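Novice: Next come the chains, spelled out residue by residue.
2 protein chains.
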Amino acid sequence: MTLKGLQRRVPILVWGSQYNGRQFADDFLAAIIVMVMLVPQSLAYAMLAGLPPEMGLYASILPLVAYTLFGTSRALSVGPVAVISLMTAAAISRLELSDPSQIISAAMILAMMSGLFLVLMGILRLGFVANFLSHPVIAGFITASGILIALGQLPSLLGISGGGHNLPELLHSLGLGLIATVDAPEWPTIIVGLLTLIYLFWSRKALAPLLQKAGLSARAATMMARLSPIVAVLGSGVAAWSMDLGNRGVTLVGTVPTGLPGLTLPAFSLPLWQSLAVPAMMIAILGFVESVSVAQGLAAKKRERIDPDQELIGLGSSNIAASLAGGFPVAGGFSRSVVNFDAGAATPAAGFFAALLIAAATFFLMPYLAWLPRATLAATIIVAVWSLVDFSIVKKAWQYSRADFLAVVSTIVVTLAVGVEAGVATGILVSIFVHLYKSSRPHVAIVGEVPGTEHFRNVLRHQVITHEHILSLRVDESLYFANTRFLEDLVYKEIAERPALKHVILMCSAVNEIDLSALESLEAINSRLGDLGIKLHMSEIKGPVMDALKRSHFLDDLTGRVYLSQHQAVTDIVQAQA
Amino acid sequence: MTLKGLQRRVPILVWGSQYNGRQFADDFLAAIIVMVMLVPQSLAYAMLAGLPPEMGLYASILPLVAYTLFGTSRALSVGPVAVISLMTAAAISRLELSDPSQIISAAMILAMMSGLFLVLMGILRLGFVANFLSHPVIAGFITASGILIALGQLPSLLGISGGGHNLPELLHSLGLGLIATVDAPEWPTIIVGLLTLIYLFWSRKALAPLLQKAGLSARAATMMARLSPIVAVLGSGVAAWSMDLGNRGVTLVGTVPTGLPGLTLPAFSLPLWQSLAVPAMMIAILGFVESVSVAQGLAAKKRERIDPDQELIGLGSSNIAASLAGGFPVAGGFSRSVVNFDAGAATPAAGFFAALLIAAATFFLMPYLAWLPRATLAATIIVAVWSLVDFSIVKKAWQYSRADFLAVVSTIVVTLAVGVEAGVATGILVSIFVHLYKSSRPHVAIVGEVPGTEHFRNVLRHQVITHEHILSLRVDESLYFANTRFLEDLVYKEIAERPALKHVILMCSAVNEIDLSALESLEAINSRLGDLGIKLHMSEIKGPVMDALKRSHFLDDLTGRVYLSQHQAVTDIVQAQA
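These protein sequence lines are chains A and B, in that order. Residue numbers for the first sequence follow the numbering used here, so the first one is 1 and each next one is one higher. Residue numbers for the second sequence follow the numbering used here, so the first one is 579 and each next one is one higher.
Hints listed in this document are in silico derivations from the structure and should not be mistaken for laboratory results. Just so you know, these numbers come straight off a predicted model, no measurement behind them. Among these hints, one or two may not hold up.
Claimed, not checked - Each computed BS3-like pair below joins lysine-lysine, with the alpha-carbon atoms no more than 27 Å apart:
{"hint": "1", "chain 1": "B", "residue 1": "K1016", "chain 2": "A", "residue 2": "K550"}
{"hint": "2", "chain 1": "B", "residue 1": "K1016", "chain 2": "B", "residue 2": "K973"}
{"hint": "3", "chain 1": "B", "residue 1": "K973", "chain 2": "A", "residue 2": "K550"}
{"hint": "4", "chain 1": "A", "residue 1": "K493", "chain 2": "A", "residue 2": "K438"}
{"hint": "5", "chain 1": "B", "residue 1": "K1071", "chain 2": "A", "residue 2": "K4"}
{"hint": "6", "chain 1": "A", "residue 1": "K438", "chain 2": "B", "residue 2": "K1016"}
{"hint": "7", "chain 1": "A", "residue 1": "K438", "chain 2": "B", "residue 2": "K1128"}
{"hint": "8", "chain 1": "B", "residue 1": "K582", "chain 2": "A", "residue 2": "K493"}
{"hint": "9", "chain 1": "A", "residue 1": "K395", "chain 2": "B", "residue 2": "K1128"}
Unchecked claim - Chain B regions said to be covered by chain A (calculated; three or more residues, Cβ under 8 Å):
{"hint": "10", "stretch": "974-982"}
{"hint": "11", "stretch": "1051-1065"}
{"hint": "12", "stretch": "1084-1092"}
{"hint": "13", "stretch": "1128-1142"}
Idealized CB from N, CA, C, for every residue including glycine.
Can you make the complete structure from the sequences, with help from the hints?
Specialist: What follows is the structure, encoded as structure tokens:
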């Protein structure tokens, strides 16, 4: 590997060699702020994933270090995120494991496999696979996931039983849970939960303006408001301790092991790995897409760029690190990265410092975290995911195109009705199907010359010049297996309606590929038109398409000629007739 | 339904009303020839499908009548065909049924389900689904199937045991079978089988020229040569009877029930229907594609056309009829249709007359068919499918394009190594994947004006005029979710290399669609270029794409202008600068 190749694979070699004191100061300040935000969030997302809270912390240390070494974004903060945690919960629950140690194992396997998938995709430069999750599908999926996550936290918030991985399950179990406690509501839990929820929604909207009025700078006010969950965490923890809420029916986080576990490889059980392979792949792709979107968005603000293929390596190694550290799948989260960015992180080293601080926290903060009410964490999750729920994409898609609308709506409906994995799969498959369907019956225009130009346009949309014995057809699609039959039908239909026809010109400006199926159809069309005394010409064939045609016999057999431009084709044919 | 709609759905209303005596004579003569060929072929294909021979006859009567009513091709002959019989065998064997009546039931269910699928596809006009089986994939699949079928007949031909549904299984069991009989070969069977095989291969090549020399017309000689299998059938039957070969170790067809069974619905067992649903769908699609290819080819010879959507109804009703009559899945076969065509069939009524004759044969010929050696039928199958084996598609695909080559080779390899269903599925999936992959990283050209014209072409392939402050980019693909990230990366890379740049013109002559994902990318590009003081223009946007863009805010926000042609765009920008 050349030095440049090595630098591309290990980006820290580039920015690390120019690291300076000012960057260190910026990075360390950002790390403190990120740490304060990350500790409660990590506990909460571990709970959301159905795992012991400390696993959230384990997933927030080594992954940050790995990303510092291999990542290309200066702002991305890697760790547990809401949607990936939900997908982790769904994947593990399907295994119906009862032994807690097996559940932990399954989470570590998920992280390891999705990490390996990502690194493999990075090495094979398969990042384009992520493109098949279209923007609207992601937007719809995240909205639906947000609803599932928020509903899934209601039991913890209200002190009732319940759970589930889709809307019918959740509504059913929430209904049963509410009925079961309707006579004796868990008031202490409900009060802690609702107070936190109200405080968090209020602080998100009103705290920053208030702080600004109180004299803080806009940036400081925004930053303080972003950190407001820590006030709720501290307040409810102190309340739980001082009022002994644990003995009044409020579920607390409880004893969390102090310190860090040693590095371990996840258990190797072939059936377990097999049954987690598909979910791991989905988690990998979804985590990658989310991370890259966030990283690209933040990089663009500073006129920087990220390297998507290298991001696969960065995120993949983070997940492998999460697995080794006893954590679960991670990704670059939106809210945590924005906080990191706004807090002034200058290099990926900010993540490294945050990792050190969180590691320290596992030694010093754990005893205090035991007092935290679960209802508080549930409230922070609900507020965090509520901002993800955004149905505007449905309206936008409806206005713009029915195909996108279909993809968005089916993603949302299937995610809600069946679950996250089915939702993602549906989104991808519907997008691809709709795309193929459209290209299988492409738009075709009969074109003529726009007067006074050499430009040819649709006869139905423009005033153009045409000739009775020449048919100029512009097929607005690559010619490939999905539309070859359509093409043959079309040409035969058009010539049947034009008895005076002597020349057909296929204008290929929009034909980006002619595959072997289409080539055979063109050969059939050419020979059939030849039998009828009609010449087939082609114009504006693109270079790569022409290269392919030259490797076949088609151009030798063509009854007509190949022209550089449609204008030349029509001019030449008209002159030859005259 | 209007009269025209009814006539479209029941084409016999059109040609039947003009039916005349001359057509009757032509049709009846063709029917006799087709009947003579079909009777032994039907028995053989039923054996190939792993079913009692008489089911081949049941599948050759009512389906022809149904197709006469609903089909649109004048030459297509519907009945058992090799590849569909092989797929039937594979689908049923996977159920591991031991009760013969259940096997028969399963075959009838397969026919019923594929018939219902086809009719449903016809009503919903989903014929385009068949397009996803590309020409090269079909060619590769048929070649691989031919090899599997031929090898599968060797046990019957050589009097050994053996069988299997893919190459490893077949080779393994043939090896075992050969070893088991190496000390005491079944000479009578081998002699009957090889003699028939040699005769059939010889007659296929040499008989027609010989008969022509003997004074027959070219057409009569070809026709007689096509019917030569009947000579082998008669000869080996007489030999078996006169030499009592049945008691010398030669397996004969044996007693076949005389006459026809009543109409029955296939047994309804939900698990059976469920496990046969996917194979039935594949049989439906493959049968449809084969039938339509044959029908289109023969129709083109007479300058006629078929209606593919109506063919779905025709073939679907044939399969439903096959099921009701106690048969198995059918399709329009190549060899039988060619014989029908060459024999001068004038209308679909030829099929109806053939059905009547075969029905009569079930009453009068059955006692004689019992004497037919299975080795003879095996030889007729081998010779029939040998013409399907054609590896030239591999070479053609290799020369033309790597993508098609990959699709063909993976289809052949998977069909041989795993089986027919996996092979078809692989062919479809690889074709789609390769197509999507290519369109996810499209060809992009930087274009300039060809001197003396208004035409813009690739700067790398043509001598063209460009301007330092204008970048004209032609993206040779629709802009959609699979390539939006590619587009962004590309534009940012190109502008980074051109400090003097003031205008980017996206030439959209090859852009047939801009989906919502791509729209969002264009919005991002527009705003980022705006920040850098570079205007984004677009030219040659097609009508339907423009209609969609007008439904969004994009055109309002565009920093540059939209031009009808690339020439106008460059001219306008250069003039404005001057």
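Novice: Each hint should be assessed against the structure and marked as holding or not.
Specialist: We went through each hint and held it up to the structure:
1. This hinted pair checks out: K1016/B and K550/A have alpha carbons roughly 20 Å apart, not beyond 27 Å.
2. The suggested pairing of K1016/B with K973/B holds, with an alpha-carbon distance near 21 Å, which does not exceed 27 Å.
3. About 16 Å separates the Cα atoms of K973/B and K550/A, which keeps this hinted pair within 27 Å; it holds.
4. With a C-alpha separation of about 20 Å, the suggested pairing of K493/A with K438/A holds against the 27 Å cut-off.
5. At roughly 18 Å between alpha-carbon atoms, K1071/B and K4/A fall within 27 Å of each other, so this suggested pair holds.
6. At most 27 Å may separate the alpha-carbon atoms for a hinted pair to count; K438/A and K1016/B meet this at roughly 17 Å.
7. For a cut-off of 27 Å, the pair hint linking K438/A to K1128/B stands: about 20 Å separates their Cα positions.
8. Our distance criterion of 27 Å between C-alpha atoms is met by K582/B and K493/A, whose separation comes to about 18 Å.
9. With a C-alpha separation of about 16 Å, the suggested pair K395/A and K1128/B falls inside the 27 Å cut-off, and the hint holds.
10. For the stretch 974-982 of chain B, the stated coverage by chain A is satisfied: 7 residues place a CB nearer than 8 Å to a CB of that chain, which reaches the threshold of 3.
11. Using a Cβ-Cβ cut-off of 8 Å, 10 residues of the stretch 1051-1065 of chain B lie near chain A, which meets the minimum of three, so the contact claim holds.
12. Coverage of the stretch 1084-1092 of chain B by chain A holds. Counting CB-CB distances below 8 Å, 5 residues qualify, and the rule asks for three or more.
13. Coverage of the stretch 1128-1142 of chain B by chain A holds. Counting CB-CB distances below 8 Å, 3 residues qualify, and the rule asks for three or more.
Checked against the numbered hints given earlier, the structure satisfies every one of them.
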